[in-house]
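With chain U held as given, fit chain Y onto it using these hints.
If you want the building blocks of each chain, they are given just below.
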Amino acid sequence: EVQLVETGGGLVQPGRSLKLSCVASGFTFSSYWMYWIRQAPGKGLEWVSSINTDGGSTYYPDSVKGRFTISRDNAENTVYLQMNSLRSEDTATYYCAKDGGPYNYGFAYWGQGTLVTVSS
Amino acid sequence: IQMTQSPSLLSASVGDRVTLSCKAGQNINNYLAWYQQKLGEAPKLLIYNANSLQTGIPSRFSGSGSGTDFTLTISSLQPEDVATYFCQQYNSWRTFGGGTKLELK
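These protein sequences, in sequence, are chains U and Y. Residue numbering for the first sequence follows my numbering, starting at 1 and increasing by one per position. Residue numbering for the second sequence follows my numbering, starting at 121 and increasing by one per position.
Everything labelled a hint here was simulated from the structure, so no lab data went into it. Since this is a predicted model, take the numbers as computed values, not measurements. Each residue gets a CB set at the ideal place from its N, CA and C atoms; glycine is no exception. Errors might be hidden in some of the hints.
Said to hold, decoys possible - Chain Y regions said to be covered by chain U (calculated; three or more residues, Cβ under 8 Å): (1) 145-156; (2) 159-165; (3) 200-214.
Claimed, not checked - Quick look at which bits of chain U chain Y covers, simulated, 3 or more residues with Cβ under 8 Å: (4) 44-56; (5) 89-103; (6) 106-116.
One chain only, chain U, in its complex shape (with noise of 0.2 Å):
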């Protein structure tokens, strides 16, 4: 059964940093991109970041791009999300998500989320 688990989240002032970590099971990690979804409260899904299979290749929409960082360790089934320069709009309950691959590039497995709050 594929799992995910997200820990990290918590209140944390604006402009400070703070590291989510998603430990995978279930699944051979190294063979699936893995992704970050965030959705602030009461609001819709964003997606925050992707990152390939060996952790070359990451990705980010313009909102986060160059304060975020995804990372992974296949030895450890986790993938990561720094976050750096935190503003109030990103406050938000992260998810990770796997897709359901072959062929199926919709979001089949979601963890339960983890909740961020930029607050002062």
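Showing chain Y alone in chain U's frame:
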């Protein structure tokens, strides 16, 4: 790529046939998914590649459309279908629509 969902709120009765719309700002080559999100839960994938039913999803859910216009249909609404539904394109990076909240009339 901008994704626009309509309506934002939909009220329907148990047993109704329900149709939700999603329009892409440009051709997304059927790289479209639909998700259901219930209050306090992570989203659940219902449909991928515009019309393929995800494993374990009831057959009353179906997806259709191509190019820029897509539809999610629930053939007979059940009480447990009350949720917010999001579409998402994966033709160019990933973008979600704003969602349609489905409630019982």
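Query raised in the report: Does the structure break any of the earlier hints, and which numbers would those be?
Result: Per hint list: zero violations.
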